[in-house]
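Same order as they appear, the protein sequences are chains A and B.
Just so we're aligned: the first sequence equals residues 0 to 139 in numbering that gives the first Met the number 0.
Just so we're aligned: the second sequence equals residues 0 to 139 in numbering that gives the first Met the number 0.
Mixed in with the good hints there might be a few duds.
It does not matter which identical chain is used: a pair holds within one copy or between any two.
EDC-like cross-link-like pairs, simulated, lysine to aspartate or glutamate; straight-line CA separation at most 16 Å [said to hold, decoys possible]: (1) 108 - 38; (2) 108 - 77; (3) 110 - 76; (4) 110 - 77; (5) 110 - 38.
It is worth saying that the hints were derived from the structure and are not from the lab.
There are 2 protein chains.
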Amino acid sequence: MRLTAAEARRRLAAARVAYLATVREDGRPHVVPIVFAVDGDVVYSVADPKPKDGPDLLRFRNIRANPSVSLLVDDYDEAWERLWWVRVDGSASVVEAGAERELTIRLLKAKYAQYATWTEPFGAAMVLRIERWASWALAD
Amino acid sequence: MRLTAAEARRRLAAARVAYLATVREDGRPHVVPIVFAVDGDVVYSVADPKPKDGPDLLRFRNIRANPSVSLLVDDYDEAWERLWWVRVDGSASVVEAGAERELTIRLLKAKYAQYATWTEPFGAAMVLRIERWASWALAD
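All chains, full assembly: derive it from the sequences and hints.
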């Protein structure tokens with residue numbers, strides 16, 4: 000069954016990690032875990048100061064070529080009757096600088112205490128405008 | 000940094016849930032959580048007897064049209080220095096019947112005790128031949 004719209008929204012916003020699927024320029028899919036924040040029908044993420052190697056930011060190259068993305072949150076539980084997921088599909092953009100990137104950083108710092116102690120500069124933001132919601136759960 | 004090949008393989012096989020990205024016929028990405036088993040360089044999954052609504056099996060329609068898939072496992076941890084992920088890319092096929100589907104069901108029942116008590120028939124299998132490995136972790 001589907002979650003109610005309000006419950007899907009609540010679970011998406013509360014999730015600590017999401018799985019972002021994009022399409023590579025050659026048409027193959029790509030998926031990576033991200034931290035993120037939600038405000039209304041927009042999902043914000045940022046290339047953060049965590050050390051990572053270059054290929055991780057393939058997601059930004061993909062989005063520049065094909066803005067369609069799919070973002071999933073779930074909560075795996077060995078009691079399968081408690082499984083659920085929420086997925087949002089939409090159009091993403093990479094924001095290198097400016098007010099929308101600053102908002103992204105504020106929202107992420109508000110959600111993740113881990114960012115508070117870090118002083119390295121953030122990278123570009125990813126801003127995802129949600130166009131469709133999907134969800135699944137056995138129990139609401 | 001990357002995990003060693005052996006460690007990436009160990010973590011993929013041990014993970015309880017994975018995130019499968021496919022590409023829809025219209026070129027947009029799709030991502031869904033799956034349970035799965037690994038044997039060598041092959042990932043097996045099956046449309047299982049869990050109740051679910053139709054859209055979940057969109058993944059099979061996508062694979063029939065475009066066999067390229069990307070599969071991710073991770074372990075989110077609030078201590079970000081412990082974050083890691085393993086991703087495999089490859090070519091998938093949908094197997095409706097026969098020995099490879101029977102092998103899939105055996106591997107899944109061996110890995111997930113949840114399947115043991117269920118008697119409903121399984122659906123089609125998804126068989127993913129791994130072509131590329133990627134991984135990321137701060138600490139090995």
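(request) Output the numbers, in ascending order, of every earlier hint that fails for this structure. (result) none
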